[in-house]
Amino acid sequence: MSGPNTDYDPVEVTPLKADQVEEMREAALAAVAAAADLDALKQVRLDHAGDRSPLALANREIGALPPQARKEAGQRVGQARGAINQAIAAREAVLEAEHEERMLVEETVDVSLPTTRRRRGGRHPLTLQSDLIADLFVAMGYEVAEGPVVEAEWLNFDALNLGPDHPARTLQDTFWAEPPEHHIVLRTQTSPVQARTMLTRKPPIYVVCPGRVFRTDEYDATHSPMFHQVEGLVVDEGITMAHLKGTLDHFASQLFGDGITTRFRPSFFPFTEPSAEVDVRCFVCRGTGMDEEGAQSCRTCRGEGWIEWGGCGVVNPRVLIACGVDPDVYSGFAFGMGIDRSFMFRHDLEDLRPLFEGDVRFSSAFGTEI
Amino acid sequence: MKAPLSWILDYVDVPEGTTTEALTDRLTLTGLKLEAIESPGRDITGPLVVGRVVTMEPEPQKNGKTINWCTVDVGDANGTGEPQGIVCGAHNFKPGDLVVTVLPGGVLPGGFEIGARKTYGHLSAGMICSARELGLGEDHDGIIVLPDDAGEPGQDARPLLGLDEETIEFEINPDRAYALSLRGIAREVLVSVEGASNFRDPALRDTPPANDQGHPVVVEDPEGCPVFVARRVSGFDPDAPTPDLIVRRITAAGMRPISLAVDVTNYVMLETGRPIHGYDADKLRGAIVVRRAREGERLITLDGTNRALDPADLVVTDDSGIIGLGGVMGGETTEISESTTSILVEAAHWDAVSMFRTGRRHKITSEAGKRNERGVDATICEAAADRVVELLVEHGGGHAEPGVTVVGTPPAMPTIRMAYDLPERVAGLPIDSSTVVDHLQAIGCRVDADADGVDVTPPPWRPDLIAAQDLTEEVIRLVGYDLVPSVLPTPPSGRGLTRSQQLRRRIGRTLAGEGWVEVVNFPFVGTADLDALGLAADDPRRDLLGLSNPLNHEAGFMTTTLLPGVLRTAGKNVGHGNTDLAIFETGTVTVPRHAGPAAILPVDRRPTDEEFEALDAALPAQPLHLALVAAGDAVAGGWWGEARPVTWADAVEAVRSVAAALGLEVTASSAELAPWHPGRCAELSVDGEVIGHAGEMHPTVCQAFGLPKRTVAAEVDLDLLMARSVHLRKAPSFSSYPVAKEDVALVVDASVPAADVEAALREGAGELLESIRLFDVYTGDQVGKGKKSLAYALRFRAPDRTLKEGEAAAARDAAVALAAERTGAVQRT
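Going down the list, the sequences are from chains A and B.
According to the UniProt record's numbering, the residues represented by the first sequence are 1 to 370, in order.
According to the UniProt record's numbering, the residues represented by the second sequence are 1 to 829, in order.
Just so you know, not all the hints are guaranteed correct.
Which residues of chain A face chain B? A few of them, derived with a C-beta cut under 7 angstroms, are [said to hold, decoys possible]: (1) V109; (2) V144; (3) W154; (4) I184; (5) M241; (6) P274; (7) P317.
The following residues of chain A were derived to be distant from chain B, with all beta-carbon distances above 10 angstroms [claimed, not checked]: (8) L29; (9) A97; (10) V105; (11) D131; (12) P180; (13) E181; (14) G246; (15) I260; (16) T261; (17) E277; (18) G289; (19) G303; (20) R341; (21) R346; (22) D348.
The set of hints was computed from the structure by calculation and includes no laboratory data.
Note that CB positions come from ideal geometry on N, CA and C, so glycine has one too.
With the hints as extra help, turn the sequences into a complete structure.
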């Protein structure tokens with residue numbers, strides 16, 4: 001006859017005894033706490049929570065217990081295993097955190113190592129200077145006009161009131177293209193762009209013309225057969241010298257700093273009448289002519305307080321006529337400065353040759369903006 | 001123009017206490033710019049005094065020299081009143097002579113400090129000075145002996161020697177020829193300097209009337225020579241010295257003293273602005289005739305040059321032939337010499353344009369020519385000639401012959417109409433009518449005023465005043481340019497940079513951002529440069545525009561390619577040790593069109609549109625090019641690994657970057673073109689149009705430009721590229737369905753371009769292909785000789801759905817099939 005083995009002696013199932021389970025639990029928790037690293041913990045897991053761990057083996061014995069004892073034993077074993085798993089998980093989290101921290105320390109690099117594998121590029125400072133000037137005028141509403149460097153003699157000279165016998169022609173030593181009777185020159189100034197602008201646009205005209213120009217000057221510290229100019233031309237109703245002065249004062253303060261103004265001196269240019277030389281107040285000594293110590297004369301302006309900057313004037317009506325602008329309705333002003341020269345004193349360069357020597361150390365010093 | 005201050009003040013008074021600085025500041029602001037103030041004595045400090053030689057004992061020395069042990073009375077200048085003991089090596093003086101003595105404590109030019117020192121057994125306390133020691137010229141034959149009545153011992157010697165004289169150098173604008181004279185400068189002082197007065201015109205003098213007893217002169221070309229005045233001085237002493245004052249003044253003005261006769265003509269030219277020519281009258285043969293030269297005529301000018309004359313040259317002739325290039329330079333045959341005792345003085349007015357042309361034609365620059373070509377007062381010929389005669393007689397002991405030849409009359413000055421309000425409308429500054437009239441009269445104009453304006457006749461020394469705008473400048477400069485207000489005009493709304501200007505900046509920034517450095521080269525080139533590039537004889541880049549007057553005949557043409565410039569610059573960089581480099585240049589090149597001449601159009605009207613277009617058509621084409629060169633390492637070696645040298649691909653990629661910045665894609669195909677390596681040159685095109693070339697340089701070219709082997713370069717026509725740039729790019733759309741990846745490896749003949757294989761794959765794969773990337777190229781045993789394996793990663797995706805099983809594989813197979821058909825590709829398995 002079968003029936004519950006009420007006479008079953010629980011003493012024979014020793015592992016399920018409360019004190020035994022408690023002992024296994026204590027041993028397991030002690031082992032977890034003692035696990036020094038994740039590998040040790042892995043072993044602890046096998047030993048105390050694995051299929052062959054004492055509690056797992058004890059669990060298998062539950063079936064051998066009388067029914068009334070199974071529940072109690074099951075609870076006891078289950079709680080013990082739960083506590084152990086929890087302890088392992090907690091210990092694992094701690095050890096993993098420790099491990100990661102150690103790893104991060106071990107992965108430390110020397111961030112002061114050089115990182116530049118590729119050269120830095122740069123635009124030419126004269127391109128940058130030219131763009132900067134163009135931007136100053138574009139901000140005022142001007143447009144940037146351009147023209148060819150190999151130019152018709154008529155546009156470079158005659159249209160600008162520089163007739164074939166004008167003494168000023170000898171002041172601009174001109175490269176002539178072969179054959180000379182073709183009347184083609186390398187432009188000696190950017191002024192032919194002004195003529196082209198008047199010939200192709202109706203006033204109001206507000207343009208600046210930056211570009212390369214050529215003169216037969218031997219190449220030295222202060223002369224180059226090729227250099228860069230920027231000219232400005234305004235043709236509108238009621239334009240006066242005062243507008244010219246205002247424009248150049250603004251230009252000077254934008255390029256050289258707040259408060260830097262200009263001074264006009266009478267001069268002569270065939271395409272303007274009246275004409276003036278423009279001096280800009282020295283932005284280094286601010287016109288005092290003294291150097292920083294207040295002793296010797298300022299190096300930038302040679303103690304004069306002013307720097308010769310360019311030429312300007314009111315457009316000669318003869319030029320307006322040759323370019324198809326009615327001088328009875330419109331008047332205008334024009335000005336011209338050396339971009340190279342402006343760059344030189346703005347950036348403290350005494351010899352212009354580095355501008356044209358192409359040494360990469362020079363251009364790359366200026367990056368992509370100035 | 002250099003003008004001694006004392007000479008200026010001979011003709012005008014300035015208020016007491018006016019400093020030289022105040023004077024020159026004012027003149028600078030009204031148009032005569034100060035260049036420099038010079039003073040011969042500025043380097044001399046300390047006691048420089050007049051001394052009288054009391055005793056003088058010659059003492060022969062062992063070295064063969066004889067020195068003089070002197071005592072010199074220097075008054076109280078030495079503090080004792082006792083004669084000063086001085087050793088002197090010169091012998092051109094005697095006791096009783098007045099000499100110039102520098103005492104201990106003085107400093108002479110060159111920082112030469114004078115002290116009392118033991119020499120030749122004496123204590124020599126000072127020095128007796130020569131002209132050279134005082135910086136007064138090169139004369140070192142002896143010490144300066146002053147005229148006996150020059151001064152008293154102990155007196156400051158500076159004023160006696162003109163050492164305290166200040167000379168002002170002015171920059172004279174080409175329109176202010178009148179200021180190339182003391183007369184003109186003094187007049188500028190009068191009109192510019194507050195309180196200046198009492199102008200004394202040196203050209204205003206009573207002159208004897210013309211008569212028929214003078215040297216006969218015939219002017220055949222009165223337009224070229226409107227006035228010719230001749231006077232004669234006879235009995236002139238050719239040995240007469242030039243007075244010190246004249247020597248000092250013309251020296252200070254930058255001219256070399258030669259002889260009294262020559263110095264006087266120069267002196268009067270400086271004084272009045274009127275160039276004068278002197279002939280040895282005894283060498284003249286018959287009447288003087290002024291005419292234009294005839295074809296084939298020649299003249300040996302004063303400078304010894306034998307010149308072939310042009311029929312446009314004005315010449316002065318006599319019975320012997322041509323004796324001078326009128327107004328420009330005299331001839332040798334009638335030159336004043338050391339034995340000349342009779343001088344014919346010519347003061348003639350010459351046509352400025354003719355002077356300018358002759359000067360340029362014969363490349364003569366002279367003080368006379370400079371004045372004659374800019375315009376001289378035509379009315380002062382008689383006065384100037386008379387002044388020369390006066391000085392020759394006064395200092396040369398001659399006598400003036402009674403004959404006075406005057407041929408012609410000065411041309412009349414124009415009358416210019418100007419409205420009263422023109423100066424104020426031009427200046428933007430209120431200027432009332434009386435100010436206008438006052439200033440015009442001040443500069444010498446005759447002014448007839450009426451209700452609306454003035455009729456102005458400029459003075460004869462102002463031939464530059466020809467139109468109302470010229471008068472306007474005169475009025476405004478005298479009102480003061482510094483009073484012109486500063487007012488900003490208000491332009492209409494601008495349109496900003498043009499598209500081309502924006503694109504050029506974008507190109508520069510793109511290249512700079514990728515490590516390329518911009519350089520600027522001169523656009524000149526020589527045929528040797530093109531030879532160095534290895535260009536074939538018929539290469540179109542050899543069609544060059546030549547320059548008539550290049551600075552350097554090795555580079556006498558405008559270049560058609562930027563490559564010589566960037567290669568040369570690259571070579572220089574390598575020479576400077578910048579061995580890893582990447583440079584670029586943008587600039588126009590010059591491509592001749594062999595069109596006709598560019599016309600010289602009229603200037604009294606606008607050219608017609610046709611005329612203007614024809615002008616442009618006559619110019620060479622000037623397309624904008626980009627050239628770049630790289631050498632050495634593209635990526636430096638370092639702790640991260642090995643360096644990567646530049647390759648042909650870097651040059652191609654740079655152009656692709658530029659194109660991408662413009663929204664364009666470049667196709668590369670192999671080409672052979674100098675200066676590239678024949679097997680490593682890519683022809684670059686966009687939409688089938690060739691825009692340039694890139695690749696590795698030919699080794700010979702590398703060598704020619706001092707560059708390492710494997711240097712790479714590119715040159716493209718940016719105008720072509722920019723013309724195709726995409727202005728408005730469409731926004732892209734992406735598929736968010738999963739991607740299907742397929743890799744294929746294809747074996748083709750080594751000669752098959754990868755681009756062809758890729759194109760076939762693309763086309764064959766159809767619409768589902770999202771991208772294709774060549775990730776490996778293999779040549780070697782596994783694919784066999786003459787073959788290469790190209791491995792591609794293909795990505796497929798549909799815009800609207802997940803691809804079905806097998807769809808990507810089918811597309812891949814189709815791609816491979818087309819590649820096989822087109823290029824003979826065999827899939828590697």
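We went through each hint and held it up to the structure:
Checking A:V109 against chain B by beta carbon gives a least distance of about 10 angstroms; that is not within 7 angstroms, so the hint is violated. With a cut of 7 angstroms, the hint placing A:V144 at the interface with chain B holds, because the nearest CB-to-CB distance is about 6 angstroms. At its closest, the beta carbon of A:W154 sits 5 angstroms from a beta carbon of chain B; the interface hint therefore holds under the 7 angstroms criterion. For A:I184, the interface hint holds, the least distance from its beta-carbon to any beta-carbon of chain B being 5 angstroms, beneath 7 angstroms.
Interface hint status for A:M241: upheld, as the beta-carbon distance to the closest one in chain B is roughly 5 angstroms, under 7 angstroms. The interface hint given for A:P274 is met, as the beta carbon of that residue sits about 3 angstroms from the closest beta carbon of chain B, less than 7 angstroms. About 6 angstroms separates the beta-carbon of A:P317 from the nearest beta-carbon of chain B, less than 7 angstroms, and the hint is met. Distance check on A:L29: its Cβ is at least 49 angstroms (rounded) from any Cβ of chain B, clearing the 10 angstroms threshold; non-interface status holds.
Distance check for A:A97 against chain B: the nearest CB is about 32 angstroms away, which clears 10 angstroms, and the non-interface claim stands. Non-interface status of A:V105 relative to chain B is upheld: no Cβ of that chain comes within 10 angstroms, the nearest being about 21 angstroms off. With 10 angstroms as the threshold on Cβ separation, the claim that A:D131 sits away from chain B is violated: the shortest Cβ distance comes to roughly 6 angstroms. At roughly 5 angstroms from the closest C-beta of chain B, the C-beta of A:P180 falls inside 10 angstroms, breaking its exclusion from the interface.
Distance check on A:E181: its Cβ comes as close as 6 angstroms (rounded) to a Cβ of chain B, failing to clear the 10 angstroms threshold; non-interface status is violated. In this structure A:G246 is not separated from chain B by more than 10 angstroms, as the shortest Cβ-Cβ distance comes to only about 4 angstroms. The beta carbon of A:I260 is kept farther than 10 angstroms from every beta carbon of chain B, the shortest such distance being approximately 12 angstroms. Chain B draws A:T261 into its interface by the beta-carbon criterion, the shortest separation being 7 angstroms against a cut-off of 10 angstroms.
Chain B draws A:E277 into its interface by the beta-carbon criterion, the shortest separation being 7 angstroms against a cut-off of 10 angstroms. Non-interface call for A:G289 relative to chain B: holds, since the shortest CB-CB distance, roughly 13 angstroms, exceeds 10 angstroms. With a closest Cβ-Cβ approach of about 13 angstroms to chain B, A:G303 is found to remain outside the 10 angstroms limit, as its non-interface label requires. The claim that A:R341 lies off the interface holds: its Cβ sits roughly 15 angstroms from the closest Cβ of chain B, which is beyond the 10 angstroms cut-off.
Against the 10 angstroms criterion, A:R346 stays outside the reach of chain B, whose nearest CB is about 17 angstroms from its own CB. Its beta-carbon lying about 19 angstroms from the closest one in chain B, A:D348 satisfies the requirement of being farther than 10 angstroms from that chain.
Taken one by one, the earlier hints fail for this structure at numbers 1, 11, 12, 13, 14, 16, 17, listed in ascending order.
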